[in-house]
Structures are given as C-alpha cells and as structure tokens.
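Generate the whole structure from the sequences, applying the supplied hints.
As you go down the protein sequences, you meet chains A, B and C in turn.
Quick note on full-length UniProt numbering: the first sequence kicks off at 1 and runs consecutively.
Quick note on full-length UniProt numbering: the second sequence kicks off at 1 and runs consecutively.
Quick note on full-length UniProt numbering: the third sequence kicks off at 1 and runs consecutively.
Because the hints were derived from the structure by calculation, they are not lab data.
The beta-carbon is built from N, C-alpha and C at its ideal position, and this holds for glycine as well.
Worth double-checking, as some hints may not be accurate.
Covered by chain B, according to a simulated footprint, are these stretches of chain A (three or more residues, beta-carbon under 8 Å) [unchecked claim]:
| hint | region |
| --- | --- |
| 1 | 114–124 |
| 2 | 131–143 |
Only pairs whose alpha carbons sit at most 25 Å apart, straight line, appear in this in silico DMTMM-like list of lysine to aspartate or glutamate [as the list claims (entries may be wrong)]:
| hint | chain 1 | residue 1 | chain 2 | residue 2 |
| --- | --- | --- | --- | --- |
| 3 | C | LYS118 | A | GLU50 |
| 4 | B | LYS96 | B | ASP152 |
| 5 | C | LYS31 | B | GLU75 |
| 6 | C | LYS109 | C | GLU135 |
| 7 | C | LYS173 | B | ASP189 |
| 8 | C | LYS133 | B | GLU75 |
| 9 | B | LYS96 | B | GLU138 |
| 10 | A | LYS150 | C | ASP119 |
| 11 | B | LYS96 | B | ASP141 |
| 12 | C | LYS118 | C | GLU162 |
| 13 | C | LYS133 | B | ASP58 |
| 14 | A | LYS165 | A | GLU95 |
| 15 | B | LYS73 | C | GLU135 |
| 16 | A | LYS96 | B | GLU138 |
| 17 | A | LYS96 | A | GLU133 |
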Amino acid sequence: MLRRLVSISPSSLRLFSSRLYSATSSSSENAEIIDTDRVKNDVFQSISNEIQAEKRHRLFAVVYVNGRQWKVSDGDLINLEGNLPLSVGDEIKLEKVLMVGGANFSLFGRPLLEPHAVTVDAVVVEKKTTNPEAHYVHLNHHQTKFLNWKSDEATVVRIKSVTAKGVEQ
Amino acid sequence: MHLSTTLSLRRILNSGFHPFQVIPKPDVWMKRERLNRFTAWQYASERDTVKGAYRKEDKIFTYLNMQRQDEPKLEKFHAEERVRTALAEHDMEYPKFKSILAQSHILLDNIVLSQLAIYEPRSFKSLVAFAKELARQEGMDVIPDDPEFSYDVHVDNKSVLRKPLPRAVEYTRGASENHTHKPRKLREDEY
Amino acid sequence: MPSVPRVDRLKPIYTAAKALNFGWRFSDFLKIPAYNGISRYTNQLHRITVRFCKQSESSVGMRNFIENQLVEIGRKNPSVVIYAQPVRNSNPSIRAEYGNGRTLQINAKNMSESEVSKDIHLLFSRSGEPVVKLESRQSALVPSVQGQWTPITWLPTAMNTEQLPAKQFSEHKSTATSATEYILQNPPK
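This is the structure:
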C-alpha cells in the first residue's frame, strides 16, 4: 500500500500512511492519470475505518489553550499560566484543535478542525502558585538594588482523552 | 574584689556610650543565614567571607534575572533551530516551508512543529511532503524525496494556497521617521 | 488524631549541598500524585489542622476564621478532615496533609481572617507536590504515538546492503545551482 496524501479545501487536510510500504513508487515523470476523487475517498475511508475500529488506538492532538499551542495525548499534564476561572475537579472540553493524528494518519486543520470532529476532554487537577522567581534590578555603579520575589498562579490540567469519533466520510 | 580596675576597663574615656546601660543590637545571624541560602554552595572566600558572599549574591541575582528574561526567547530560538534541522533531514528549506504553511492557513507554530518532528516523525514528514509538492507547483526549486519514504501527494496549489492570515501583532522594523513624535495612546480595544 | 508534622522548612535545603552554583534551586518535571484525573479526579488534601491560641492577639484572624468560615468549608468538602486545635502560647498555623504523604505548614501569625481564608483555599486546591521550578510546562505518560525519532528513522535501508562509502549517499543535495551546472546550462559563446 502506498502512502497517500490528499488535500481538501478549505477546512482540513488529510494524510494517510500505512505501515507497509511497497517497492514501487510513483514519480511525476509517468504520464499516469490519477483519479483524485477516488484517491480522496480511499484516504477518507481508511481514516474513518482506522478511527472506528474496535481496537485501542492512541491519538494525539495539537490544541490551542491560553495563548499557546500544546501537543497533547491521553494522560498528559499541562501547566497553564494564571488563576483561570475554573475550580479544581472541573471537566472541560478543549475546542480549538489545530491538528489530530494517530499511528497511521494525520488530520491538519486550516487553521482549525471542525468542533464536532475531535473531542479533547480535560479535567482541572490542581491550582497552585509557581516557584518564586527573582526580579532583580541593580543600577550599575550605584548602590541602588531592588529585589522582588514574584510567584505566579498556575492551573494544572490533565487531558483525559483525545477521540476523533466525529470525523465523517 | 578589685572592682575599680574591672569597672574602669568598661569606661571608655570621652565616649557618648554609657558603659553599663547598653542598647541591645539586633543579631546579625538572620542576615547571614539569608545570605548563606544562596552562597553556601560557592567556593572559598565567596562562601566564607561576608564581603565575597555579597559580591557573589549580587551576581547570582543578576544571572537569575537574565535567565528568567531569556527563557521565552530561548524556547522560540531552540524550536526554530530544531525545525530547521528536521527540515534539513528531509531536504526542505525553512523559508519555503514556512511560507507554504502560512499560505495554506496551517497555523502550527515552531514549538509544536519541533515536537511533531521529534515525537511524531511520520506526521512531520507528511507535512513536509505536502509543502514540497505545493512549493514545486508554485515554481520553487525543491529536492524530491527518497522513493523509499516518499508520499503520494494529491494537491492543487490553486485551491489550497491563499493570502496568509493576518498576524496578531505587527512589529514594524526600523526606527520611526521622526523620533521626537511620541507613540499615540492605545485605544481601549487595543488592550 | 492530628499528627506531629514533618514540615517543609528551609533547613533541609542547606544540608542538601550540591556542587552547583544554584545548588539551592530545585527543578523537576510536572507531576501529579497517583495519576489523579485520568479516570477520576479526587481531592488530594486529606487533613487540615488549624492550630491557634485562645488568648494571644496574633491568633485573632485565625479565631475569627474558625468562628465564621471553617464549618462552611468543612461542609462543602466532606472528603477532608478538619481539626481545630487550641494550643496555648503558640503561633497560629495551618497544617495540611496530602495523599502523597507530604505535609505543608503555613504560619498564620498576625494574619487577618481574609488572609487565612485565602491560604486555606489555596491548600484545598493544591496537590501535595512541592513547589519547584518546572523543567517543562507539560509532561506525558506516553510522549510519542508514532514512535520517537531516532537517527535511523529516516535512514535509507539501502545503506544496510551497500558497501560504504557509496557515492549516492555522499552527494550534496542543494536547490542552488552550482557554478559547474550554471556553466553547463549557459555555455559561454
């Protein structure tokens, strides 16, 4: 089975690769008519089959949280800056997903994937203060020194699961 | 008892201080302990003497401050370096790769791209193959992949590539036209 | 019974001298005890002991807190055991014991009621992990789904069979045209 890579507009880009690779390869010199629609359907079908299969498979997702992009999978811990309006133990769903992938496929959002396609569930596990950092100013050639120890607040979130059951076609 | 000899020793001639009503001075132990917290791990006189320790403490705080300020910049720098290296392994150039990603509205930043390159090499390779094919269709010079690992790419640059999405903040380069003009006050929606 | 805590104090840091200039600075990866949150979240705080003096002025805020807010907090968090321990001639303090066996102590001397309440709420929301500098903002149980990159991930298998050095693996690939290529493409007239 060849590796297939297909683009669809405008929201997402799907790539599929199989673990077996063949000895033959496709090169752009051959005047071969490739039925893009058929290939597209093949790739989507493979991805859907992969996701709907009964056996356990681990997915990772790239998620945008708190002004930063994180590559997460099941069981990951994330340290978010600040005292967010969440209580400890709250279950949240991370909605801005830029990418999802598994062992054999990747799905890139342009720029974000559809909200129903991927579910990234998380739970707030801890809210704490961070390690105090020294903010030090010493004006050169003067005795003037200012030392402040500042510690931020942080929220620790555990990613419970990344599932892509909502991916269609 | 020869008290007068003992007592006279306690009298300092023409001194403003009363020899017996002594004003207690605060113990210096606490200050030394606070200093020692940072300098107990130093060597020689920087650990043993107060003067040496204070000089070292000043340096320690300065370096801590510098390292704290450099952390975010270093993170971005290292991420970019890793992405460049990963692209070099797949014979792709960084400016071309980034421009194609921007035009196809894929907003993954360098930090996450470097993580993909390290932990999800196949996903990264497929993204590079996608960018290479689009670059080739755009007329840029690209080195084709090794047939053993190459992807079968089906993309059309006309339908995928658009004008890049606008950035959150634009940092214009260079000095301003007239340095005596102060920057304008921010509007409320710009906060 | 409220226990005698082995509390976190500055003293152990001096004894753990390392041959580093920042030997006093601890850093660690992001951790949560007992895989909390993967299947179910449980509050890691097990016991809070509030020690105060019935007479001294430094315990005023603590006494007010116990009178006004402590019972409410106890009702809201049924999984946490709360002890209020009057101790004569002592500094008021809050001791919190966590699921990973660590105890935290906060000296509440001369704190107002609102300050005590703030600290108690912080203790409720913490897990028992110590406050250290984080090496990384994330940590993962399984960092790689597709298999972490190794130097042989993208190595051509032909390298195993060929006799090295082989010319095909030594060629320099570049998109820029070399001088030789340029002259070949544009021969001088």
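Structure-based check of all given hints:
Beta-carbon proximity to chain B at under 8 Å applies to 0 residues in the region 114–124 of chain A; the threshold of 3 is not reached and the given coverage is violated. Interface restraint, the region 131–143 of chain A with chain B: holds (6 residues with C-beta to C-beta distance below 8 Å; minimum three). For a cut-off of 25 Å, the pair hint linking LYS118/C to GLU50/A is broken: about 49 Å separates their Cα positions. Straight-line distance between C-alpha atoms of LYS96/B and ASP152/B comes to about 20 Å, which keeps the hinted pair within the 25 Å bound.
Of the pairs offered as hints, the one joining LYS31/C and GLU75/B holds, with about 21 Å between alpha carbons and a cut-off of 25 Å not exceeded. A hinted pair counts as satisfied when its Cα atoms are at most 25 Å apart, and LYS109/C with GLU135/C does not qualify at roughly 34 Å. This hinted pair does not check out: LYS173/C and ASP189/B have alpha carbons roughly 50 Å apart, beyond 25 Å. Distance check on the hinted pair: LYS133/C and GLU75/B sit about 16 Å apart at the alpha-carbon level, within 25 Å; holds.
Taking the CA atoms of LYS96/B and GLU138/B, the gap is near 10 Å; set against the 25 Å cutoff, the hint holds. Under the criterion of a C-alpha separation no larger than 25 Å, the hint pairing LYS150/A with ASP119/C is consistent with the structure, at around 17 Å. Restraint check for LYS96/B and ASP141/B: satisfied, since their Cα atoms lie roughly 9 Å apart, inside the 25 Å limit. For the suggested pair LYS118/C and GLU162/C, the alpha carbons sit about 69 Å apart, so the restraint of at most 25 Å is broken.
About 21 Å separates the Cα atoms of LYS133/C and ASP58/B, which keeps this hinted pair within 25 Å; it holds. Of the pairs offered as hints, the one joining LYS165/A and GLU95/A holds, with about 15 Å between alpha carbons and a cut-off of 25 Å not exceeded. For the proposed pair LYS73/B and GLU135/C, the alpha carbon gap of about 15 Å is at most 25 Å, so the pair holds. Taking the CA atoms of LYS96/A and GLU138/B, the gap is near 30 Å; set against the 25 Å cutoff, the hint is violated.
Of the pairs offered as hints, the one joining LYS96/A and GLU133/A is violated, with about 31 Å between alpha carbons and a cut-off of 25 Å exceeded.
Hints 1, 3, 6, 7, 12, 16, 17 from the earlier list are contradicted by this structure; the remaining hints agree with it.
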